[in-house]
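Could you build the full structure based on these sequences and the hints that come with them?
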Amino acid sequence: MRVVIVTESFPPDVNGVAHCALQTARHLVDRGHHPLVVAPAPAPGTAPDTDAPCPVVRIPSLPLPGYPQVRVALPSRRLAAALVTHRPDVAHLASPFVLGARGMAVAARLGLPAVAVYQTDLAGYARTYMGAGEAAAWRRIRSVHAAADRTLAPSSAALGDLETHGVPRVRLWPRGVDTVRFRPDRRDEELRRELAPNGELIVGYVGRLAPEKHVELLAGVCALDGVRLVVVGDGPSHAHLTEALPGAVFLGRRTGDDLARIFASLDVFAHTGPFETFCQTVQEAMASGVPVVAPAVGGPLDLVDHGRTGLLVPPRDAEAVQGAVRSLAEDPARRNAFGAAARTLVEGRTWAAVGDRLIGHYEDVLAGRRTAVAA
1 MRVVIVTESF
11 PPDVNGVAHC
21 ALQTARHLVD
31 RGHHPLVVAP
41 APAPGTAPDT
51 DAPCPVVRIP
61 SLPLPGYPQV
71 RVALPSRRLA
81 AALVTHRPDV
91 AHLASPFVLG
101 ARGMAVAARL
111 GLPAVAVYQT
121 DLAGYARTYM
131 GAGEAAAWRR
141 IRSVHAAADR
151 TLAPSSAALG
161 DLETHGVPRV
171 RLWPRGVDTV
181 RFRPDRRDEE
191 LRRELAPNGE
201 LIVGYVGRLA
211 PEKHVELLAG
221 VCALDGVRLV
231 VVGDGPSHAH
241 LTEALPGAVF
251 LGRRTGDDLA
261 RIFASLDVFA
271 HTGPFETFCQ
281 TVQEAMASGV
291 PVVAPAVGGP
301 LDLVDHGRTG
311 LLVPPRDAEA
321 VQGAVRSLAE
331 DPARRNAFGA
341 AARTLVEGRT
351 WAAVGDRLIG
361 HYEDVLAGRR
371 TAVAA
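For the sequence shown, full-length UniProt numbering assigns the number 1 to the initial residue and increments by one for each residue that follows.
These are calculated hints, taken from the structure and not from any lab test. All values reported here derive from a predicted model rather than from experimental measurement. Backbone N, C-alpha and C define an ideal beta-carbon position, used for all residues, glycine too. All the pointers check out, no bait thrown in.
Now the in silico label distances, taken between C-beta atoms and shown as ranges: (1) Ala80 x Asp30: 26 to 36 angstroms; (2) Val249 x Pro184: 14 to 24 angstroms; (3) Ser156 x Asp317: 20 to 30 angstroms.
Take a look at the structure:
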């Protein structure tokens, strides 16, 4: 099967959309298929990504105003040329909004079946960054996804949101996790001594440092006796958070085995973002054998078994986050039990298993098109 993956982000970007697109391409190659990736060009001077398993066509891009780490693709003939040259059987549109919407239009002109993968809560972002615009964002989402043969939602909550707002033909497709890279035996006692030289309990956050993540809710965690907060990631809120989280250790962006070592060296993982359609970092923490504290909204509802693998708290509630972390800090046996159960829960959620389900969705839409033509 020949597949074109049109994605709004791709490595060297570090985010859920980029990571999922990369894993999808890798799995397709592993299964003997032929993917092509089309993605925005990274910022000038950025080191090229060398991990791509297939050809990547880069579209000229500009930084998003107010959030320069995000690149937005410009209109370009390269997109249509790439699809015509690759001759795909199906178009995979990863978090389509700008480049993906154009990819959807090109696929329609070429008569290609399209699978749209919903990954970003753009309506929530519009509410956070603009104070309004949520209704307009949903109109855009509905318009783009209505043109797809199938839309894949990463969680039950995301699927419900899409259906509530009139997006048709939605199916559930969760994300995988690298259970070989992220595992409990990556725990590094030397790293723990560097991060918490006085033997403090280590609580970690991993993700973008941006307003929609509400990382400032972890200020109460910093105030707990015997607790050290470790923040991994970067973004427009970095300067603000260094002031809002006194005593926290900021490690910047980390990837690969380095990130896996950090995850496994945590005692508790805390996530605060209320707009997560899935929340891959929660799943990576669980694979690392680390108990999770996360908001009871969006993707974490599917991932965290409350009272067994972690604790779910009301969204945007700093006191609840602090209380959940405190309760785990005071009960090592419970932490260990949660961490072990978390690892067991995710062991079947490999990228190979999830990738095969994705190929099944491709085959379904191809069969649907053939049936329609025959009729």
